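Undergrad: Spelled out from the first residue to the last, the chains are:
Number of protein chains: 2
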Amino acid sequence: MQVDRHMTDREMRNIALRLAFDGTNYHGWQSQKGLATVSQKLEEAIAAVVGHPVKLIGCGRTDAGVHAKTYVANFKTSSSIPTERIPYAINTKLPDDISVYEAADVPEGFHAVFSGVRKEYTYLIYQSRTKDPFYSNRAMFYPQKLDVEKMRQAAARFIGKHDFKAFRTVGSNVKTTVRTVFSYDVEEDGEIVALRVSANGFLYNMARTLAGTLVYVSEGKIRPDEIDSIFESGDRRKAGPNLPACGLYMTGVWYDIPVFG
Amino acid sequence: MQVDRHMTDREMRNIALRLAFDGTNYHGWQSQKGLATVSQKLEEAIAAVVGHPVKLIGCGRTDAGVHAKTYVANFKTSSSIPTERIPYAINTKLPDDISVYEAADVPEGFHAVFSGVRKEYTYLIYQSRTKDPFYSNRAMFYPQKLDVEKMRQAAARFIGKHDFKAFRTVGSNVKTTVRTVFSYDVEEDGEIVALRVSANGFLYNMARTLAGTLVYVSEGKIRPDEIDSIFESGDRRKAGPNLPACGLYMTGVWYDIPVFG
Numbered sequence: 166m167q168v169d170r171h172m173t174d175r176e177m178r179n180i181a182l183r184l185a186f187d188g189t190n191y192h193g194w195q196s197q198k199g200l201a202t203v204s205q206k207l208e209e210a211i212a213a214v215v216g217h218p219v220k221l222i223g224c225g226r227t228d229a230g231v232h233a234k235t236y237v238a239n240f241k242t243s244s245s246i247p248t249e250r251i252p253y254a255i256n257t258k259l260p261d262d263i264s265v266y267e268a269a270d271v272p273e274g275f276h277a278v279f280s281g282v283r284k285e286y287t288y289l290i291y292q293s294r295t296k297d298p299f300y301s302n303r304a305m306f307y308p309q310k311l312d313v314e315k316m317r318q319a320a321a322r323f324i325g326k327h328d329f330k331a332f333r334t335v336g337s338n339v340k341t342t343v344r345t346v347f348s349y350d351v352e353e354d355g356e357i358v359a360l361r362v363s364a365n366g367f368l369y370n371m372a373r374t375l376a377g378t379l380v381y382v383s384e385g386k387i388r389p390d391e392i393d394s395i396f397e398s399g400d401r402r403k404a405g406p407n408l409p410a411c412g413l414y415m416t417g418v419w420y421d422i423p424v425f426g
Numbered sequence: 166m167q168v169d170r171h172m173t174d175r176e177m178r179n180i181a182l183r184l185a186f187d188g189t190n191y192h193g194w195q196s197q198k199g200l201a202t203v204s205q206k207l208e209e210a211i212a213a214v215v216g217h218p219v220k221l222i223g224c225g226r227t228d229a230g231v232h233a234k235t236y237v238a239n240f241k242t243s244s245s246i247p248t249e250r251i252p253y254a255i256n257t258k259l260p261d262d263i264s265v266y267e268a269a270d271v272p273e274g275f276h277a278v279f280s281g282v283r284k285e286y287t288y289l290i291y292q293s294r295t296k297d298p299f300y301s302n303r304a305m306f307y308p309q310k311l312d313v314e315k316m317r318q319a320a321a322r323f324i325g326k327h328d329f330k331a332f333r334t335v336g337s338n339v340k341t342t343v344r345t346v347f348s349y350d351v352e353e354d355g356e357i358v359a360l361r362v363s364a365n366g367f368l369y370n371m372a373r374t375l376a377g378t379l380v381y382v383s384e385g386k387i388r389p390d391e392i393d394s395i396f397e398s399g400d401r402r403k404a405g406p407n408l409p410a411c412g413l414y415m416t417g418v419w420y421d422i423p424v425f426g
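Quick mapping for you: the protein sequence lines, in order, are chains L and D.
In the numbering used here, each residue carries its 1-based index in the first sequence increased by 165.
In the numbering used here, each residue carries its 1-based index in the second sequence increased by 165.
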C-alpha cells in the first residue's frame with residue numbers, strides 16, 4: 166500500500182553539513198535559553214540563507230569550551246538553493262570561529278546522531294614548564310613531561326567492548342553504559358601529547374575521563390594493569406579526573422552511508 | 166676620573182625577559198590610557214613580584230592584534246629575587262595569553278630597543294576557500310591559492326640596504342627610512358603561507374606592507390621586477406596594502422651581546 170503524502174510546501178530536502186568550530190566563546194553545542202551556543206549561531210545563519218527557521222541536529226552535544234575540527238549536523242529545508250552554494254552562503258552569516266566546509270543532500274531518514282556508527286575525539290595536552298599563549302583555551306596545560314609509554318600501555322586496555330560506567334559523569338539517561346572503543350592512540354609531538362579515541366559512541370564526559378585516567382597513569386596514581394579492575398568495579402571514583410573542556414576536540418564522525426565525497 | 170655614584174637604594178639590576186603573547190585581546194604593546202595593553206599587564210605582574218613599580222622597555226611597539234612568539238623586554242629592579250625564579254613568579258600573575266619563558270641579568274646599559282641589531286617578523290596567510298576557525302585572529306584569510314613562486318621572485322628584491330619609504334605608513338618621526346633587510350623567505354605548508362623577514366629595523370607597518378606587496382605580486386597587480394622602481398619612487402601608493410594585524414607575529418630579536426643562553 167502506498168502512503169498518501171500531502172505536502173502543502175515543496176518537497177523537503179535533508180541537508181548534512183560538515184563544519185568546524187572553536188568552542189572557546191560558546192556554551193556548548195546545544196541551544197540554551199539566553200546563552201550563545203554553536204547550534205544557535207548556525208540555526209540563525211541557516212535561517213537567513215534558506216528563508217525559514219530550521220531545527221539543526223548535531224552529531225554530539227559538546228560541552229562549553231569543547232572544540233570541533235570535524236562535526237556533522239543536518240537540517241530540513243524547502244529551499245532550492247544549490248547544494249554547493251550552501252557552505253559559502255552560510256559562512257557569510259557566521260562569526261569567524263565557526264566555519265562550514267561542505268554540504269550534502271542526504272536521504273530523508275538521515276539523522277546526524279542516530280545514523281552515526283563511529284565518532285572520534287582528540288584530547289590535546291601541552292606539556293611544558295611554561296604556558297604557550299597560543300595554546301590557551303586550546304589544550305590542557307600540564308607543567309611536567311608525561312610518561313607516554315605508560316599511557317600507551319593503559320590506553321590499549323580501553324580498546325574493545327566494555328562497560329564504561331566508571332569512566333563517565335552521571336548525566337542524561339542512557340539505556341546502557343556499554344560502548345565499543347575501536348582505537349586509542351597516544352601521540353607525542355614535542356610539547357603536544359594528543360590522545361585520539363574512536364568509538365561507536367561516547368558517554369557523558371567519557372573522552373575527558375579516559376584522558377584524565379591516562380594522566381593519572383603517567384603520574385603513577387593508577388597502574389596500566391589496574392584499568393581492567395576499574396572496568397569491573399564500575400566505580401567512577403577509581404578512574405582519573407575529568408580533564409578541562411578546552412583540550413577536547415571532536416575530530417571525526419562516520420555514518421552508515423557515505424555522506425561527503 | 167671615576168663617577169661618584171650615590172645610591173640611596175640597593176644596586177639596581179637590569180633584567181631582560183623573553184616572552185610571547187597572543188595579541189588578539191590587546192591594544193598593542195605600548196601603554197595607552199584606559200586601554201588594555203601587553204606592557205601594562207606585564208608591568209602590573211612584575212610590580213607585584215618585585216614589590217615596586219617598574220618601567221618595562223619592549224623591543225618593538227607592536228600594534229593592536231599583532232602577536233609575538235619571541236619578544237624581549239627589560240626593566241630595572243632593586244629586588245633580590247633569584248633570576249631563575251622570575252619567569253615562574255611573573256607568570257602566576259599574568260593572563261593565559263601572555264607568557265614569560267626566560268629571564269636574564271643583563272648589563273646596566275642594555276636596552277631592549279637600542280641594543281637590538283636584528284629583528285624578525287613572520288606574516289601568516291591562510292589560503293583556502295573556507296575559513297579555519299582555529300586561524301581566526303591568527304592569520305589573514307585569503308580565499309585563493311597564492312602564487313608563491315612569483316612572491317619569492319619579488320621578495321628577493323627586498324633583501325639588502327634600501328630606502329623603504331614606499332613601504333611604510335607615515336607615523337612616528339624617524340631620522341632615516343633606510344633599513345637593511347637580511348632575509349625574506351616565503352614558505353608554503355599546505356594552507357599556510359608564511360612570509361618571514363629579518364632586518365636591522367622596521368619602519369611603521371613595514372612588515373605588513375611588504376607582505377601586502379607580495380600579495381599584489383601574486384595577484385598580478387605588481388610585477389616582481391617592478392619592486393626596484395617602487396623603491397626608487399619612494400611612493401607609498403605604488404606598494405601593496407597594509408595587511409591586517411592579526412597575521413603578524415614578532416618571531417625573533419637579536420642583540421649586540423648574547424642575552425639568553
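These aren't lab readings, by the way, just hints derived from the structure by calculation.
Treat each hint with caution, since some may be false.
No copy is singled out in the list; a pair is fine if it fits within one copy or between any two copies.
[Stated by the list, open to error] No more than 16 Å apart at the CA atoms, straight line, and that leaves these computed lysine to aspartate or glutamate pairs for EDC-like:
id : residue 1 : residue 2
1  : Lys-258   : Asp-297
2  : Lys-241   : Glu-209
3  : Lys-330   : Glu-397
Please read all numbers here as calculations on a predicted model, not as lab measurements.
Undergrad: Evaluate each hint against the coordinates.
TA: Structure-based check of each hint:
no., hint, verdict
1, Lys-258 x Asp-297, "between (32 Å within a copy, 15 Å between copies)"
2, Lys-241 x Glu-209, "within (14 Å within a copy, 53 Å between copies)"
3, Lys-330 x Glu-397, "within (9 Å within a copy, 73 Å between copies)"
Violation of the numbered hints given earlier is absent; every hint is satisfied by the structure.
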